[in-house]
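**Q** Residue-level listing of the chains:
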Amino acid sequence: MVTQRVYGFAQGSKVCMLELRNLLCKLELGIQAYKTVLDIPAYKMVLDTVVYCSRLTAAVNVISKRNFKAHWVAPTLRELQRRKVIEEDRGGGPKIFHRSTFLEWNYDAEIFAFSNRLGEKFNDSSLRAALTHKSYIERETARLSDIGVESNLQFQDNEALAQKGGEIMSKFINGYLRAVFTQVPEELIRAMHDYLTSNPTLETVAKHIGLGDLMLCADFPCKTETYVKSFKAVVAALAESSGEERARIFVQDLVVTQLYGQDVNELWNPVDPIGNLTAILKREGKAEPEFRLIRQAGSNSILAVYYVGVYSDKNFISEGAGESLEVAKEMAAREALKKFFHTEDSMRALPFGRQLKNIQSKIAQLENQPNVPLSEWISPKIMSAVH
Amino acid sequence: MSNSHLFLPSGFIRTPLQNGLGRYIPQLQRITIKFCKSHGGSRGVRDFIESDLMEFAKTNPGTVVYLKPRRHRSPCMVAEYLNGEREYLSCHEFSRDEVYKWLSYMCTRSGIPVMRFRKYQHTDYPTIQGVWNPFTHQAPEINVAEFPHEVLSKPINHGPTATEQLIEIFKKTQLEDPANKPPN
Numbered sequence: 002m003v004t005q006r007v008y009g010f011a012q013g014s015k016v017c018m019l020e021l022r023n024l025l026c027k028l029e030l031g032i033q034a035y036k037t038v039l040d041i042p043a044y045k046m047v048l049d050t051v052v053y054c055s056r057l058t059a060a061v062n063v064i065s066k067r068n069f070k071a072h073w074v075a076p077t078l079r080e081l082q083r084r085k086v087i088e089e090d091r092g093g094g095p096k097i098f099h100r101s102t103f104l105e106w107n108y109d110a111e112i113f114a115f116s117n118r119l120g121e122k123f124n125d126s127s128l129r130a131a132l133t134h135k136s137y138i139e140r141e142t143a144r145l146s147d148i149g150v151e152s153n154l155q156f157q158d159n160e161a162l163a164q165k166g167g168e169i170m171s172k173f174i175n176g177y178l179r180a181v182f183t184q185v186p187e188e189l190i191r192a193m194h195d196y197l198t199s200n201p202t203l204e205t206v207a208k209h210i211g212l213g214d215l216m217l218c219a220d221f222p223c224k225t226e227t228y229v230k231s232f233k234a235v236v237a238a239l240a241e242s243s244g245e246e247r248a249r250i251f252v253q254d255l256v257v258t259q260l261y262g263q264d265v266n267e268l269w270n271p272v273d274p275i276g277n278l279t280a281i282l283k284r285e286g287k288a289e290p291e292f293r294l295i296r297q298a299g300s301n302s303i304l305a306v307y308y309v310g311v312y313s314d315k316n317f318i319s320e321g322a323g324e325s326l327e328v329a330k331e332m333a334a335r336e337a338l339k340k341f342f343h344t345e346d347s348m349r350a351l352p353f354g355r356q357l358k359n360i361q362s363k364i365a366q367l368e369n370q371p372n373v374p375l376s377e378w379i380s381p382k383i384m385s386a387v388h
Numbered sequence: 039m040s041n042s043h044l045f046l047p048s049g050f051i052r053t054p055l056q057n058g059l060g061r062y063i064p065q066l067q068r069i070t071i072k073f074c075k076s077h078g079g080s081r082g083v084r085d086f087i088e089s090d091l092m093e094f095a096k097t098n099p100g101t102v103v104y105l106k107p108r109r110h111r112s113p114c115m116v117a118e119y120l121n122g123e124r125e126y127l128s129c130h131e132f133s134r135d136e137v138y139k140w141l142s143y144m145c146t147r148s149g150i151p152v153m154r155f156r157k158y159q160h161t162d163y164p165t166i167q168g169v170w171n172p173f174t175h176q177a178p179e180i181n182v183a184e185f186p187h188e189v190l191s192k193p194i195n196h197g198p199t200a201t202e203q204l205i206e207i208f209k210k211t212q213l214e215d216p217a218n219k220p221p222n
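So the sequences go chain by chain: A and B.
To convert, take the position in the first sequence, counting from 1, and add 1; that gives my numbering.
To convert, take the position in the second sequence, counting from 1, and add 38; that gives my numbering.
Since the hints were made in silico from the structure, they are not lab data.
Everything hinted at is true.
Calculated lysine to any residue pairs in the SDA-like style (CA-CA distance at most 25 angstroms, straight line): (1) A/K66 <-> B/H43; (2) B/K139 <-> A/I64; (3) A/K66 <-> B/S128; (4) A/K122 <-> B/L59; (5) A/K85 <-> B/Y126; (6) A/K358 <-> B/I63; (7) A/K66 <-> B/R154; (8) A/K339 <-> B/T165; (9) A/K172 <-> B/I63; (10) A/K315 <-> B/V182; (11) A/K358 <-> B/Q56; (12) A/K122 <-> B/N57; (13) B/K75 <-> A/F103; (14) A/K122 <-> B/E93; (15) A/K66 <-> B/Y138.
Some chain A residues well away from chain B (every beta-carbon gap over 12 angstroms; in silico): (16) H72; (17) S126; (18) V150; (19) S152; (20) N153; (21) G167; (22) S199; (23) L217; (24) E226; (25) S243; (26) P271; (27) E285; (28) S302; (29) Q366; (30) Q370; (31) P381.
Predicted model, so just to flag it, every value in this text is computed and none were measured.
Every residue gets a Cβ at the ideal spot worked out from N, C-alpha and C, and that includes glycine.
Sequences and hints are given; from them, build the entire structure.
**A** Below, the structure is given as structure tokens:
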């Protein structure tokens with residue numbers, strides 16, 4: 002058990018300093034709590050102890066043990082929590098501190114761990130440049146010139162790297178999409194690419210690989226654009242340090258995997274599916290699509306359902322369901338297009354990680370080769386017969 | 039029965055950022071170990087630091103280890119994860135093995151808080167052939183059938199049941215041997 006250092010203040014009131022200090026540490030209160038604690042005469046704390054407590058303001062999950070707490074612990078904590086809530090409301094939300102303001106912070110170690118965590122080797126200068134933002138450099142030079150020190154800082158910012166990183170990331174993503182979705186028109190490829198390179202997606206990826214603590218930027222809490230820029234710059238730094246192949250695998254492992262679980266048909270749908278279907282069948286030299294009612298139920302009720310099937314020259318292509326005949330017709334046309342593009346709900350699972358080993362060369366080849374656009378799309382069998 | 043009175047939240051198993059799908063990224067970002075250099079409660083932690091810590095740091099190069107010797111306080115570990123969660127563990131009077139085991143436990147976790155798993159599997163694609171609806175496997179003939187129908191109005195004939203087949207077999211054997219029929 003904890004050895005209790007007991008400081009007797011008044012007759013009968015024993016205060017356990019060690020226990021209370023540990024409790025305060027667990028509570029992780031800010032400097033405001035220090036002031037409120039000093040107000041209570043019985044709990045005059047040693048200054049350095051509380052300063053040490055003051056930095057820990059993030060919430061913590063405790064792997065708890067069974068302990069007996071004295072009768073005064075719960076009321077004390079309740080009161081301190083009440084005061085903390087008041088201070089936070091007055092201050093406009095809980096105080097947050099950047100991780101680098103903590104006593105335990107070693108930027109070199111953090112960078113080393115970052116590259117090892119991802120399993121990649123970076124050039125030190127490239128990685129540091131990728132994590133440094135222009136706003137940070139400007140702030141530092143302004144600060145130094147305010148003090149009066151001549152600033153010959155040799156920081157390099159990540160503008161160029163971010164630009165380059167964005168380009169090569171787009172390239173790698175397009176290569177993967179075209180190699181996996183071979184039958185899909187270019188519009189859907191573009192929609193998937195836009196989803197994968199969108200700010201929310203890239204911000205999530207950047208946050209979850211630990212960039213939040215490593216970035217040198219003037220804004221805190223960091224903006225979305227900062228995260229996205231850093232991530233793109235890191236991709237470029239990796240391409241510089243370890244080569245384009247490793248950067249390609251990195252983008253495939255971290256960015257493209259965000260496509261998993263996402264229904265690609267929600268990202269893009271042709272505006273006029275029936276018109277597109279008719280055009281495709283015409284181009285292929287097949288008969289016009291014929292829509293027939295297959296099933297219906299509850300026609301006069303709110304919960305009506307109609308199943309419409311699409312036939313070409315009496316061959317069944319697909320069926321679709323809807324609450325009215327028009328909706329069902331459109332859904333059937335959409336299903337037919339999904340079947341052509343191989344993006345039905347029952348499509349093959351997307352390959353990731355080691356499953357991409359055999360098609361890396363194909364991916365690299367298709368990076369600069371866009372798929373067929375929707376206006377010219379015909380089934381590959383016919384395309385191979387023609388060409 | 040509701041679960042509102044339970045402190046342990048429940049949820050479905052998940053992983054941050056599709057970890058493992060592309061590559062596996064160890065989720066433990068950094069670990070801070072506080073201990074006292076002289077007090078007896080930190081003995082296990084001190085032994086761990088002297089013997090096993092270097093090996094741990096070498097096998098987990100993606101985790102930063104911070105050591106904070108602090109006088110007169112009981113030892114503890116704070117683990118920080120990539121998704122921003124922190125986990126505190128008091129290591130008071132732990133043995134060296136216990137410290138090692140708890141540390142390796144923290145390495146295997148993502149920062150997602152401990153919860154009761156409702157199911158031990160999860161999929162984003164629950165159906166491949168499509169969810170059943172009453173129209174699945176229905177013959178298309180019902181669409182253009184005029185009721186009452188010869189076949190469709192009658193109950194579905196599945197053929198003779200096993201019991202009926204056995205009775206038929208028995209009757210056949212009876213007919214073959216009429217001499218053995220007992221007089222009624």
